[in-house]
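S.K.: The chain contents come next:
There are 2 protein chains.
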Amino acid sequence: MARLPIAPFEKIIKDSGGKRVAFSAGEALAEITGEIASEIARGAATFAEHAGRKTVVRKDVELARKHLRLQ
Amino acid sequence: MARLPIAPFEKIIKDSGGKRVAFSAGEALAEITGEIASEIARGAATFAEHAGRKTVVRKDVELARKHLRLQ
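Keeping their order, the protein sequence lines are chains Z and E.
The opening residue of the first sequence carries number 45 in our numbering; numbering runs sequentially from there.
The opening residue of the second sequence carries number 45 in our numbering; numbering runs sequentially from there.
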């Protein structure tokens, strides 16, 4: 799986009310978010195929986000 | 909100079965994932505060991912 850079996730925690942020927290958020993104991406790829397209486009991703029950 | 870089999300879509990936799809996945990350981060910051800590740590993020009902 693609590894996501950690720094933006540390910033997201700070922007979300975290007074101080351990490196491990940014790392965990990057990992967890990567898993969720993969789940949405799998749905998007399925929806593109279902629509007879080889190219995954924005609306496939939006549909996946809207309709998948994220685990 | 912190903007997430788009390239890793294009890669995630390719790794998840997308044959071709429109730029807009990577962009959408980065945006959507950023929103979900913020939601988890808000939960994590709340859990850290609830535990009497100023520092958000890995277990706060994991608890938020486990217990929040992602919208």
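FYI, nobody ran anything at the bench for these hints, they're computed from the structure.
Treat the hints with caution; some may be incorrect.
Copies of the same chain look alike in the list, so a pair counts if it fits in one copy or across any two.
Stated by the list, open to error - Derived SDA-like pairs (lysine to any residue); straight-line CA-CA distance at most 20 Å: (1) Lys103 - Ala66; (2) Lys98 - Ala66; (3) Lys98 - Pro49; (4) Lys98 - Arg47; (5) Lys63 - Ser82; (6) Lys58 - Ile76; (7) Lys63 - Arg113; (8) Lys98 - Glu75; (9) Lys98 - Ser82; (10) Lys98 - Arg86; (11) Lys110 - Ser82; (12) Lys110 - Glu79; (13) Lys98 - Gly78; (14) Lys110 - Ile76; (15) Lys110 - Ala51; (16) Lys58 - Leu112; (17) Lys55 - Arg113; (18) Lys55 - His111; (19) Lys98 - Arg113; (20) Lys98 - Glu79; (21) Lys110 - Pro49; (22) Lys58 - Glu83; (23) Lys103 - Arg113.
Values in this document were obtained by computation on a predicted structure and should not be read as measured data.
S.K.: Against which earlier hints does the structure fall short, listed by number upward?
M.R.: 3, 4, 7, 8, 13, 15, 17, 18, 19, 20 and 21
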